[in-house]
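For the protein sequence lines, the chains are A and B, in the order given.
Quick note on numbering: the working numbering labels position 31 of the first sequence as 23, and the sequence is numbered without any gaps.
Counting the second sequence from 1 gives a position; the working numbering is that position plus 1.
All clues given are correct.
Derived EDC-like pairs: lysine to aspartate or glutamate, alpha-carbon spacing no greater than 16 Å straight-line: (1) A:-6 to B:60; (2) A:34 to A:75; (3) B:42 to A:-3; (4) A:98 to A:37; (5) A:59 to A:-3; (6) A:-6 to A:19.
Far from chain B by the CB rule (all over 10 Å, computed), these chain A residues: (7) 7; (8) 9; (9) 22; (10) 44; (11) 49; (12) 65; (13) 69; (14) 70; (15) 76; (16) 85; (17) 100.
FYI, nobody ran anything at the bench for these hints, they're computed from the structure.
For each residue, glycine too, the CB sits at the ideal point set by N, CA and C.
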Amino acid sequence: QKEVEQNSGPLSVPEGAIASLNCTYSDRGSQSFFWYRQYSGKSPELIMFIYSNGDKEDGRFTAQLNKASQYVSLLIRDSQPSDSATYLCAVSGAGSYQLTFGKGTKLSVIP
Amino acid sequence: GAVVSQHPSWVICKSGTSVKIECRSLDFQATTMFWYRQFPKQSLMLMATSNEGSKATYEQGVEKDKFLINHASLTLSTLTVTSAHPEDSSFYICSARNFGTRAPSNGYTFGSGTRLTVV
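Excised from the complex, chain B in its bound form (with noise of 0.2 Å):
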């Protein structure tokens, strides 16, 4: 139980063009979603956080318009990271968290990762 299907595991685009990023929780309702960002040999740092039905809140240094989120349901959460730069080439990964029920990772799960590469 408790999976989190994330979505493309890579991607490569133009530098200029958006890219779209969904987390969905196939077996539970994902609440609150968590957006991470990780370069190479560095830890995972917070982008953002949003819960169902609200404006995301970014982290400090984070672009809101750049990075645009959306949590519309329960099971769906979206990252588009627009106008992508080289610079936004990274490793990003979802973790949701159901605050209603303890899943079996004590109610964080995380998505697979997306790779992107801006060229």
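This is chain A alone, in the form it adopts within the complex (with noise of 0.2 Å):
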């Protein structure tokens, strides 16, 4: 059984702060790492995805992989008050399309 976990949250940052958000998996065979956004009542919105160890930067978004410690994180630089949202981690694996998804972090930036 695939599993992703996340820290449920709420993870409350004041605006401005960074803001980290952390999943483990259970596949070493995962190849493919993905960050989502999900507003309430709306559907998932890509943020970043990553397939090799280190950092992947782009804009305020960091994502980092470790692949030998199973572990993703995404950081938000300068949190704003729209970040606020439920962040999904995905994850899948060789051979198979399927994402796996994480039950998310709250996220909520105090203004």
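Using the hints, put the two standalone chains together into the complex.
In structure tokens:
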């Protein structure tokens, strides 16, 4: 059973701070890792994806992947109130294009 | 590019009736469609995977006779909830993937979701 674990939160950070979201996965063969943002009542929207160990930066967002530790994280710099949402970590494995989602971490950015 | 149109966005139906949800890929060919269900404060749970022209593969615990999936063309997939009951009330989301080319979202494009309420 493939599992993706996230701290459900809520994670509260002040506006302008760095928000750090974490995710661990059980399938060592996992190859692709995704971070989605989901506002209440809405469909998930892709923030970033990462394949290789290390960091990947896109604007205020940085994804970090450590396959040896089976750990992926998302850093949000200069957090804004509009970043308040649930962040879903998703993983797909070798030979399978199905995404397995974590339960999500609710982020609240306090003005 | 890479837009998936999902309709309806919300629907209320009576217990025992059937509801059809449509997902259309507007500017790419969706070779594979994934159907998810999301209960309040829960994550997305994959219900089934369908490839164009073939029968859907259902996840364990999902009744294939209750949740009918049709993927007859590369641009349209439908999910029909038959004999709906209140416990089927949920947020249903489709996600299309084109394995032929890489879409901007790295191949996974989500529909906007359908909120189903069975009364």
